[in-house]
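A.B. asks: For chain A, the structure is supplied; the task is to place chain B on it using the hints.
Number of protein chains: 2
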Amino acid sequence: MSVQGLGDTALFQVCVIVDDVEKYAKKYSEIFGLELPKEYHITAGHDVTNATYHGTPTEAKAKIVSWWLGQVQFELLQPLGGPSEWQDFLDKHGVGVHHIAFRVKGSDEVAASFGSFGVKVTQQGFFTPPTGMYTYLDTEPLLGTTVELLEFFEKEK
Amino acid sequence: MSVQGLGDTALFQVCVIVDDVEKYAKKYSEIFGLELPKEYHITAGHDVTNATYHGTPTEAKAKIVSWWLGQVQFELLQPLGGPSEWQDFLDKHGVGVHHIAFRVKGSDEVAASFGSFGVKVTQQGFFTPPTGMYTYLDTEPLLGTTVELLEFFEKEK
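These protein sequence lines map, in sequence, to chains A and B.
Residues in the first sequence are numbered from 1 upward in steps of one, following the working numbering.
Residues in the second sequence are numbered from 158 upward in steps of one, following the working numbering.
Just so you know, the hints here were simulated from the structure itself, not pulled from any lab data.
None of these values were measured; they are calculated from a predicted model.
One thing to keep in mind: the hints can contain errors.
In silico lysine-lysine, DSBU-like type, Cα no more than 30 Å apart, as pairs [stated by the list, open to error]:
no.: 1; chain 1: A; residue 1: Lys-63; chain 2: B; residue 2: Lys-249
no.: 2; chain 1: A; residue 1: Lys-61; chain 2: B; residue 2: Lys-249
no.: 3; chain 1: A; residue 1: Lys-92; chain 2: A; residue 2: Lys-63
no.: 4; chain 1: B; residue 1: Lys-312; chain 2: A; residue 2: Lys-92
Chain A with its partners taken away, still in its complex shape:
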């Protein structure tokens, strides 16, 4: 049985990990004629993000910019310290596409469903204020790239 909870399997996001987000963002902006987006900084510690790296609390930090390229969110991410999948990727591969992301509801249930294929969660964290969460899966050996589950919480009415 395939993984449950991936819905229509529409690709939601592609992320390039870089070592200098301003430099790369400027080039994308110039070449594609896109407005330079506002940076989003993950600066909060584990007490706020509840981020884990291989199950252990992490202070992983990052700078991010993104654009919409059609229906796909295209993200550039620069790791800024703290143990993270982002830094691991940069150390192992250099700058390049790190993950493809899918929107889900019930991240932990979807991650558990990936578990039946031997896939584990490598990093997980919450957006602050808690508007959503991300989950990275160690799909690289099976699928050739990391899969991210992205969940945006619905606002309480």
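C.D. replies: Relative to the frame of chain A, chain B by itself:
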């Protein structure tokens, strides 16, 4: 001035280069619950594909499968010999996302427009029968990944 001819900059394709297309395709199929697609083989030589690698004729061959993940074509490509960007990527990075592709009209004009940013064509070829063409650009140092221009020729009426 930004590159001319990229239209709405909608992301059309993401490609993972692999070393065993059947193995990876099977896993994508199982995990995402997707039908196993028919393989597309680039087996023709330069006399048919007119393929070039850094300006020199090449007999580059490959096996390809692809699915639609929402609006995005998601491709797995295994190089099968002949000098190619595909094999270079595999040798340098290992299995991973090789390129993001955009649909264009007038590939050579769009590639020339990239040239104003110092970007060169690395590999180019025609689909057989000549229904379209692909052009890889050496955007990796500037953008962190390879950009491909994909053109599908309109049928003559």
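A.B. asks: Taking the hints in turn, state whether each one holds.
C.D. replies: Hint check:
1. A:Lys-63 x B:Lys-249: Holds. Lys-63 (chain A) to Lys-249 (chain B) sits at ~26 Å (cutoff 30 Å).
2. A:Lys-61 x B:Lys-249: holds, 28 Å
3. A:Lys-92 x A:Lys-63: Holds, at roughly 19 Å.
4. B:Lys-312 x A:Lys-92: violated, 45 Å
When held up to the earlier numbered hints, the structure conflicts with hint 4 and nothing else.
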